[in-house]
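Colleague: Below are the chains, spelled out letter by letter.
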Amino acid sequence: MSVMLVLIFFSISTALLFLIAFVWAVRNGQFEDDYTPSVRILLDDVASSIEPNPKITPNQTPSLTPESHASGQV
Amino acid sequence: MQADKFSYDNRIVRLFMIASVTFGVVGMLVGLLAAMQLYWPELNFGMPYTSFGRIRPLHTNAVIFAFIGNAMFMGIYYALPRLCKSPMFSPFLSRVNFWGWQLIILAAAITLPLGITTSKEYAELEWPIDIAIALIWVVFGINMIGTLVKRRERHIYVAIWFFIATWVTVAVLHIVNSFELPVSLFKSYSLYAGVQDALVQWWYGHNAVAFFLTTPFLGLMYYYLPKAAERPVYSYRLSILHFWTLIFLYIWAGPHHLLYSTLPDWAQSLGVVFSIMLIAPSWGGMVNGLLTLRGAWDKVQENPVLKFMVVAVTCYGMSTFEGPMLSLKNVNAIAHFSDWVVAHVHIGGLGWNGFMIFGMLYWLVPKLYGREIFSVKLANAHFWLGSLGIIFYAVPMYFAALVQGLMWKEFTPEGILKYPNFLETTLQIIPMYMLRSIGGALYLIGVFVMIYNLMKTAYAGKFIGEEYAEAPPLSPATHPEPGEHWHRRLFERRPFLLTIFATVAILIGGVVELVPTFLIESNVPTIASVKPYTPLELEGRDIYIREGCVGCHSQLVRPFRSETARYGEYSKSGEYVYDHPFLWGSKRTGPDLQRVGKKYPDSWHYRHMYEPGDMAPGSIMPAYSWLHENTLDLSDLKGKISAMRILGVPYPEGYEDQAEADLQTQANSITKNLKSEGVNTSSDKEIIALIAYLQRLGTDIKLKKTESTNN
Numbered sequence: 001m002s003v004m005l006v007l008i009f010f011s012i013s014t015a016l017l018f019l020i021a022f023v024w025a026v027r028n029g030q031f032e033d034d035y036t037p038s039v040r041i042l043l044d045d046v047a048s049s050i051e052p053n054p055k056i057t058p059n060q061t062p063s064l065t066p067e068s069h070a071s072g073q074v
Numbered sequence: 001m002q003a004d005k006f007s008y009d010n011r012i013v014r015l016f017m018i019a020s021v022t023f024g025v026v027g028m029l030v031g032l033l034a035a036m037q038l039y040w041p042e043l044n045f046g047m048p049y050t051s052f053g054r055i056r057p058l059h060t061n062a063v064i065f066a067f068i069g070n071a072m073f074m075g076i077y078y079a080l081p082r083l084c085k086s087p088m089f090s091p092f093l094s095r096v097n098f099w100g101w102q103l104i105i106l107a108a109a110i111t112l113p114l115g116i117t118t119s120k121e122y123a124e125l126e127w128p129i130d131i132a133i134a135l136i137w138v139v140f141g142i143n144m145i146g147t148l149v150k151r152r153e154r155h156i157y158v159a160i161w162f163f164i165a166t167w168v169t170v171a172v173l174h175i176v177n178s179f180e181l182p183v184s185l186f187k188s189y190s191l192y193a194g195v196q197d198a199l200v201q202w203w204y205g206h207n208a209v210a211f212f213l214t215t216p217f218l219g220l221m222y223y224y225l226p227k228a229a230e231r232p233v234y235s236y237r238l239s240i241l242h243f244w245t246l247i248f249l250y251i252w253a254g255p256h257h258l259l260y261s262t263l264p265d266w267a268q269s270l271g272v273v274f275s276i277m278l279i280a281p282s283w284g285g286m287v288n289g290l291l292t293l294r295g296a297w298d299k300v301q302e303n304p305v306l307k308f309m310v311v312a313v314t315c316y317g318m319s320t321f322e323g324p325m326l327s328l329k330n331v332n333a334i335a336h337f338s339d340w341v342v343a344h345v346h347i348g349g350l351g352w353n354g355f356m357i358f359g360m361l362y363w364l365v366p367k368l369y370g371r372e373i374f375s376v377k378l379a380n381a382h383f384w385l386g387s388l389g390i391i392f393y394a395v396p397m398y399f400a401a402l403v404q405g406l407m408w409k410e411f412t413p414e415g416i417l418k419y420p421n422f423l424e425t426t427l428q429i430i431p432m433y434m435l436r437s438i439g440g441a442l443y444l445i446g447v448f449v450m451i452y453n454l455m456k457t458a459y460a461g462k463f464i465g466e467e468y469a470e471a472p473p474l475s476p477a478t479h480p481e482p483g484e485h486w487h488r489r490l491f492e493r494r495p496f497l498l499t500i501f502a503t504v505a506i507l508i509g510g511v512v513e514l515v516p517t518f519l520i521e522s523n524v525p526t527i528a529s530v531k532p533y534t535p536l537e538l539e540g541r542d543i544y545i546r547e548g549c550v551g552c553h554s555q556l557v558r559p560f561r562s563e564t565a566r567y568g569e570y571s572k573s574g575e576y577v578y579d580h581p582f583l584w585g586s587k588r589t590g591p592d593l594q595r596v597g598k599k600y601p602d603s604w605h606y607r608h609m610y611e612p613g614d615m616a617p618g619s620i621m622p623a624y625s626w627l628h629e630n631t632l633d634l635s636d637l638k639g640k641i642s643a644m645r646i647l648g649v650p651y652p653e654g655y656e657d658q659a660e661a662d663l664q665t666q667a668n669s670i671t672k673n674l675k676s677e678g679v680n681t682s683s684d685k686e687i688i689a690l691i692a693y694l695q696r697l698g699t700d701i702k703l704k705k706t707e708s709t710n711n
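So the protein lines, in turn, are chains A and B. Going by my numbering, 33 is the number at position 33 of the first sequence; the sequence numbering is gapless. Going by my numbering, 633 is the number at position 633 of the second sequence; the sequence numbering is gapless.
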C-alpha cells in the first residue's frame, strides 16, 4: 500500500499550501473585518456620469426596476 | 484620489453560458437515453457507439465537465472581476480557456463513444486529453491569479477563496490520478495497479466531487445568492469558517468509497471519520445560505432566482448529510453498489449544481441583456418541473436501492440465498427505473422551457458586451519597510505567486521522487498462484474496458456471507496486483464478475454476449453482437506487453515476440472448445479474447470445488 505515502504526501502538501495561505490571510488582516465585505459586494462600481458612455443609455442600464426580480442594485 | 476607469468583459461570460446550456441539454439527453436503456435495452440501436457502457461515461463527463464545468467558468468569469474591481487579467487567456475547454469536450464526445477510455470513473479520458486538461487548467489559473494580483479591493471575498481552492486542488488531483503509461495515442495503462489504483481513483473521485462540484459552487453561492437577495450573507464570519474547515477535511474522505474492499481497515476508518466530520462545515454553509434569506422569504415567493437557489442549497444540505450516512459501514453494506448512490449523486447534480446554475442564469441573462426576464411565469413553471423531476428521480431510486440491497442479502430459514438469481432482483426494480426516467424527462423539459425564456429575454434586450466601471486604485501598501527581510516580501506580499510556485515544485518533486520508487517496485505479488494475464486475456480485458462493462459489473466480492454465497470467495488485494487499471466498479446493475471464471462454459458466454436474453430470459443487458464479427486488433500487442513489464508485470524479457503465437494457441483452443459445444466461429474474433478474460477472472485462487450457486 505504498501508494498511500504518495497520497498522504500530496494531501499534506495541499493542506500545507492552504495553511500557508491561511496564515498569510490572517497576518494580512483579511479577516479583521468580518462584516463590511459582505455588504460591499452588493454595490456595483458602475461608471460615474462624468463622461457618459455611448454604449450604455440610461434605459439600458441593467434592471433598475425595483419591483421586478433579482437585481436592482445601483 | 482619481478613480480608475475600466470595463468588465461580458462576452466571455456569454460564451461559457451558451456552452453550458448547450452541453447541458446534450448531457441530459444522453443520461435520459442511458436511463431508458435500463428497461429497454434495444434503445442502444444495436450499435457499439450507443451502448450503455460507452454512453454512461459520456453522460457523466458531459454533465460534470461540460454543463457544470462551463457554468462554473461562467460564474467565475462574471463574479471574480467584479469582486476584484478589475477586469480579467487577460482577455486572450479567457478565450484560450474557453476554446480549449470546448475542444476537450469535443474530444471527449468523440473518444468515449468510440470506446477510447481509461475506465476510471470521471477520469475516463485518455492521456492526450488529460494533458490538454492540465494545460487549460493552468491557463485558467494564471488568468484567475493574475486578476487577483491586479485587484483594486484589498480584501479577498470568501467566494474567491473557494475559487482558489478549486483551482489548486483539482490541479493536484487530476495530475496524480492521471499517471498512466501510453501504449499508443489512444491507449494507456494506469501506473497504479489493483487496490492502489482503486485508492488513488477514489481519492480523486471523491475530491473531484468536492472541488469541482462543491467548492466552486459554494463560492458562486456566496456571490450570487446575496446579490439576488440584495442582502449580505447571514454571517460572513461563518462563511470564512465554512471555507477553512471544509478544505482541511474534504481531502481525507476518499476511502469511504472502498469500504469492505481490500483496502486496509485503518484507511477505511479514516475515510469514515472525516466523512462524518464533514457534516459540520457543510451544514454550516447550508444554514448560512438559507439564513441569508431570513426576513426576506416574501422575496423568495416572487423571485424565481431565489426559489432555485433555496432548493439548491437545501439539496446541498441533503447531499452532505446523506454522504456521511452512506459512509457509515453498516449503511454502506446495503447501499454500496446499489441505486442509492445513483440517487445521492443526482440530488447533488440535479439539485445543488443544476438549480444553482438555473438560478445564476435567470439572474445573469437579464443583467447581460439589460432587460427583465421575459416571463416569470415560465421561470416558475421551470422551477416546478425541475423540482418534480428531482423527486421523481430520487424517490424511486431510493426505493429500488432498498428493495434490491435487501434482496441481495436475504436468506431462507434453511440458510440459502432467497434470491440466488441476480436477475430476479433486477427485474423487481424495473418499474422504478421507468419512473426515474420520467423524472429525468421532466427535468429536461424544464430546461427547454428555460432556454425559450432566456432566448426571449435576450432577443428583447441588447447585449452589453463591455460593462464600464470605475474604482479607486489600491494604495500601494507594499513599500518595504526599512530593515525588512526579503523573505517577508516574498512570503507575505506575493501569496498567489507563491501558491503557484509551491504547487509546481511539489508536483515535480513528487513525480520524480516518489511515484516510480514506491509504485513499481512494490507491486510484488503476495499470492504465489496469481499470475499475469496471458496475451489473449490481456486483449480481452482491454475489450472489457472499451465496452465499459465496469459501469454495471463490479469485480469485488465483499466479505459478507450474502456475497460469498452468491459469488464465491471474497476478494484479496493480492489478486489484483496485475490489474492496470483496477476494475472494481461502483455499481451492480448486473452481478459481480470477480469469480465468474469457469462458472459457465465458453459457449454460454458466446451466446450470452450475442443475445443475453437467450441465456437469461428478461435480462436487461444489451447485446454485444459486434464482438462476434470484429477481428481482434493485435497491432498494439507488443506495446502492451512491454508497457505492462515497465509497470512491473513479470513478463519475461523478449516475450513480446512470443506473445502473438501464445495468443493464437489459446484462441485456437477456445475455438475448438466452442466447436465441441456446438458453436462455430473463427479464432480471430474479439469475442474469443473476451471469453478468455472472463474465464480467467478470479480463478487464480479459486477453490477447486466450484460453488454451486448460480447468479
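Don't take each hint at face value.
[Stated by the list, open to error] Now the stretches of chain B that chain A is said to cover, found in silico as 3 or more residues with beta-carbon under 8 Å:
hint, stretch
1, 74 to 88
2, 169 to 178
3, 227 to 240
None of these hints come from the bench; they were simulated from the model. Where a beta carbon is used, it is the ideal one built from N, C-alpha and C, also for glycine.
Colleague: Would you pick out the hints that fail for this structure and give their numbers low to high?
Modeller: none
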